[in-house]
Amino acid sequence: MSGFAIELVGLTKKYGSFTAVDHLNLSIKKGEVFGLLGPNGAGKSTTILMILGLTDPASGHARVCGIDPTVKPIEVKRLVGYLPEDVGFYDDRTGYDNLMYTARLNSIPDAEAQQRIVRLLERVGLSGEAGKKTGTYSRGMRQRLGLADVLIKNPEIIILDEPTLGIDPKGVREFLNLILELSKEEGLTVLFSSHHLHQVQQVCDRVGLFVKGKLLAEGNVQSLAQKLFTRSPYVIEAGISGNGESVKEIASLLKPINGVEEIALKDKYYEISCTRDATAEIAKEIVASGLSLTHLSRKEYGLDDIYYRYFEGGEEHERIN
Amino acid sequence: MNVSIKKSILHTLFTKAGSLIKPNRGNQVASSRHQYLNNAFRAIVFKEVSDHVRSWRFIILVAIIALTCFGSLYAALSVIDKAVKPNDPEGTFIFLKLFTLSDGTLPSYAVYISFLGPLLGISLGFDAINSEHNRGTLSRLLAQPIHRDYILNAKFLGSLIVISVLLFALGFLVMGIGLIAIGIPPTVEEFMRIIAFILLSIVYVAFWLNLSIFFSVRFRQTATSALSGIAVWLFFSVFYPMIITMVSKAFQPSEFASAHEIAGYERLMSVMLYLLPNQLFSVATSTLLMPSIRSLGTLSMEQMTGALPGPLPIGQSLMLVWAQVTALIAATVLCFALSYVSFMRKEIRSR
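Protein chains in written order, with numbering that gives the first Met the number 0: chain A, 0 to 320; chain B, 0 to 350.
Each hint should be verified, as a subset may be incorrect.
In silico lysine-lysine, DSS-like type, Cα no more than 25 angstroms apart, as pairs [stated by the list, open to error]:
(1) A:K298 with A:K265
(2) A:K131 with A:K169
(3) A:K169 with A:K183
(4) A:K265 with A:K283
(5) A:K71 with B:K345
(6) A:K265 with A:K28
(7) A:K267 with A:K254
(8) A:K13 with B:K46
(9) B:K46 with B:K345
(10) A:K132 with B:K46
(11) A:K247 with A:K265
(12) A:K247 with A:K211
(13) A:K211 with B:K46
(14) A:K131 with B:K46
(15) A:K213 with A:K265
Facing chain A, a subset of chain B residues (Cβ under 7 angstroms, in silico) [to be verified]:
(16) A42
(17) T104
(18) G309
Keep in mind that the hints were calculated from the coordinates and are not lab data. Note that CB positions come from ideal geometry on N, CA and C, so glycine has one too.
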């Protein structure tokens, strides 16, 4: 058995002539938190359905802990907990009853299930609400109950499809931390799909960028940035005030520094693109030339930049390749 | 897979009937895969039954059906003393008359069941699948380690259990009250006939249940599936008989037509009638509850000669309605197969 929790090889799904997932290759290691990032309709949910064996791929195959979900969906579903997008519960039953039903579907003996439910409800902060009907739950509470519902079968892998949709920012942070803590505690592999960059950035070890059924890039956030911004991975922002020097003059001053590529004035700051981290030299040069340095910062590439570069500037991406 | 499902249904239905009512807590450690899945199947059936029993919809329906049935029982009791005539071949079957007699204002028990049974079946099944889908619970359910068809089978079985318990309870109540009121106990044969009648009504309601489950798989909106079910019910109970009347007028042979033509016309009419599930049910019912009915079609004079007007034994009555019962069961199975195929092919996404 391989060390991968989820392995997708050439996975393809077609709906008529439309290709929802196009030859997807992806491996997720055990114990990893993997973020599947992409805009709506990129094929994230379809990929998840194929991993669970809920829909059959047109070609290629998936392996979950070495098991083929197309052939043995039940075995896979025993190992994988799945929190669907916009999860629903039986509104006329209590939170406790809903979890008990899931436990029974997993053939967990009632006594054991009871203990687990109490522990999990406490863990997700719903102990006080266990006896209330889920119809009265707020969106965030339902999502947390969903997490407890997923964990009740002691899964090895949990798959969360857009779990933070429709929760307020504070709730999102709490929810993400909860996922992170639980995955560390239980040694879970987490596959997490979202179109929110910041959330993915916060919790995921590795990110896969998913657009139009294709995985464009994968890796951690830093390596993704490096892959994308190959020409000038470092951008330094400098605020320079002097006696009205022009951009050209400043440029001629800084250009000789090793690594500096381009200088442009954006709003009130100069943006200096470099191939290496030349912050110190730039500061030295500016101060030495008698100009006053009011601001200096190195810009980090966040997922935002990556996101826009990929999703908004499709042509630009072609050019990079 | 099919075989194992069938087995598990039969298994749950017959051998484990006792443990269905009380969850089997002692032996829940899943010793084998079969046991494992069996537990899950039972959990869904329980859930379905308790959902039905708790719902207002069901309580209201039970109230309507119980009230009308007791109304018809009252009507039957008020005329039963006049119904028994000397030399009546059914004179010995007084008890059965409780189910078939009417005083002219209220229809009999059997007619009520044939009219309200469809409503019961439709109301228990019309939102079986689509309400789960709309609540967002179906995708969560499918992510559990169970076969997909378990959901459909368990929903059907759960509703069937509820229907069976309800119809048996009502039938026995009518028998019990009748027994107190008229003071004549039923003979063994009468009892058997009533049991057969109750089983037949369960099959009849199961047909409508399956039809509405099919609509619930097919249509996303619960209102659409409920309306389609009711539309089919109205068509069969109101419009189709009208169409038959029109056709029969158009094709009616003249007074001077040959016997052959008249026989052909009769055959056409009976074929058209038997397409109606209601007709199948009411013909089978009256044969079961009125032992003097000896034939369901036209008889020639040759067949009539020498026949003594007397009641048929229960075995012969069952033989007589076997075709109708088979047709009802076939229609039920057909609806189930349709919903099965349609559900298995469906790709379930979250809401």
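Q.
Checking one constraint from the list: CA of K131 of chain A to CA of K46 of chain B, max 25 angstroms. Satisfied?
A. Distance ~18 angstroms between K131 of chain A and K46 of chain B Cα, so the pair holds.
Q. Given the hint that K46 of chain B pairs with K345 of chain B, does the C-alpha gap stay at or below 25 angstroms?
A. Judged against 25 angstroms, a Cα distance of about 23 angstroms means the pair holds.
Q) Taking 7 angstroms as the limit, does the beta-carbon of G309 of chain B come near enough to a beta-carbon in chain A? A) violated (56 angstroms)
Q) Does the structure keep K247 of chain A and K265 of chain A at a Cα separation of 25 angstroms or less? A) With a Cα-Cα distance of about 14 angstroms, the restraint between K247 of chain A and K265 of chain A holds, given a limit of 25 angstroms.
Q: Measure nothing beyond the straight line between the CA atoms of K265 of chain A and K283 of chain A; if it is 25 angstroms or shorter, mark the hint as holding.
A: holds (22 angstroms)
Q. Taking 25 angstroms as the top limit, are the C-alpha atoms of K267 of chain A and K254 of chain A close enough?
A. holds (19 angstroms)
Q: With a cut-off of 25 angstroms on the C-alpha distance, tell me whether K169 of chain A and K183 of chain A pass.
A: holds (21 angstroms)
Q. K247 of chain A and K211 of chain A: Cα distance at most 25 angstroms?
A. violated (43 angstroms)
(Q) With the threshold set at 25 angstroms, check whether the alpha-carbon distance from K298 of chain A to K265 of chain A stays at or below it. (A) holds (13 angstroms)
Q: For the pair we were handed, K131 of chain A and K169 of chain A, check the Cα-Cα distance against 25 angstroms.
A: With a Cα-Cα distance of about 23 angstroms, the restraint between K131 of chain A and K169 of chain A holds, given a limit of 25 angstroms.
Q | Minimum beta-carbon distance criterion (7 angstroms), A42 of chain B to chain A | A | holds (4 angstroms)
Q. Taking 7 angstroms as the limit, does the beta-carbon of T104 of chain B come near enough to a beta-carbon in chain A?
A. violated (40 angstroms)
Figure legend: structure checked against the earlier numbered hints; hints not met, in rising order: 6, 8, 12, 13, 15, 17, 18.
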